[in-house]
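Protein chains: 2
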Amino acid sequence: MGRSTSSMQLTRAADYAVRVMVHLAKQPAAERALLPTLAHATGAPESFLSKVLQGLCRAGFIQSRRGQAGGFEIQPAGRTASMRQVIEAIDGPIFLNVCMMSGNSCNRKNFCPAHPVWVRAQEAMIGVLNSSTVADLAAQTLVPQAQIARAK
Amino acid sequence: MGRSTSSMQLTRAADYAVRVMVHLAKQPAAERALLPTLAHATGAPESFLSKVLQGLCRAGFIQSRRGQAGGFEIQPAGRTASMRQVIEAIDGPIFLNVCMMSGNSCNRKNFCPAHPVWVRAQEAMIGVLNSSTVADLAAQTLVPQAQIARAK
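From first to last, the protein sequence lines are chains D and C.
Every letter in the first sequence is one number past the one before it in the working numbering, and letter 20, counting from 1, is 20.
In the working numbering, each number is its position in the second sequence, counted from 1, plus 1000.
Think of the hints as simulated: they come from the structure by calculation, not from any bench.
Accuracy of the hints is not assured; some may be wrong.
[Stated by the list, open to error] A short list of chain C residues far from chain D (calculated; beta carbon distances all over 10 Å):
1) 1034
2) 1037
3) 1073
4) 1076
5) 1113
[Claimed, not checked] Pairwise CB distance ranges (calculated):
6) D/106 to C/1037: 16 to 22 Å
7) C/1060 to D/110: 30 to 36 Å
8) D/54 to C/1080: 46 to 52 Å
9) C/1107 to D/70: 26 to 32 Å
10) C/1111 to D/70: 25 to 31 Å
11) C/1060 to D/123: 17 to 23 Å
12) C/1111 to D/47: 23 to 29 Å
13) C/1079 to D/76: 49 to 55 Å
14) C/1127 to D/79: 27 to 33 Å
15) D/54 to C/1034: 49 to 55 Å
16) C/1076 to D/47: 50 to 56 Å
It should be emphasised that the depicted structure is a prediction, and the values quoted were computed from it without experimental measurement.
Ideal Cβ placement from N, Cα and C applies to all residues, glycine included.
Take the sequences, apply the hints, and build the full model.
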């Protein structure tokens, strides 16, 4: 009940996942990045980021290569992934309220006047997170750099 | 990182707060409800609900009276409170991501392409939660009962 409760908040893991995906999408094609570089770029502790990267590998959004010229590389499915997909790869499905989890049938659903509001609030939020892909975000960061290059 | 992480999820306390506010708003004017009645109506454990009720009292949304005919009673500010206000009275301000907390300045804010998306996603969700008041929700629940009464 304290003010420290984090309600409706993205986990740090999912936040770092978005950061690292955008960073990898900005790399030149087929270039790989090592864990320390990614930790520096995202501001995440290496050991924590390592678990996030494992989750992104499992989702097929990135690949990890060993040996010389090894490191993490973005995959096509990672470029086209939406922010929602990146978040859900790490945190599992987004549900604003427990009553909205599939398989978790709330016995108040039929008469609860709040239920449709939770549904609408979740749809509004997810709609925004669906509409931005990793590639979109990476392109947006590049805009200022391109402008600087053109201005020179 | 496990699938049990609850990302962007309302706390149980805030969920019960909305339930209890709607229940109290449906009571006849100046009628008071006792803790066991409210616990039964909301499906919340009494000890847990008691803390939620304290938070709602502090916010000025309900009042607790002692003695005979004592109990919890909704206040005018409670009827006009939005779902967002009820949630925030219990959980504190809603922030989809830590970088959006006031006073918590993220040093990536100026170049982070994800930041504006978090802002838009939060605004979309909060817009919905702002638009429904406790009185609105209570009125919606009453509709079926009124229809039954008319049909008799």
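Which numbered hints fail
5 and 11
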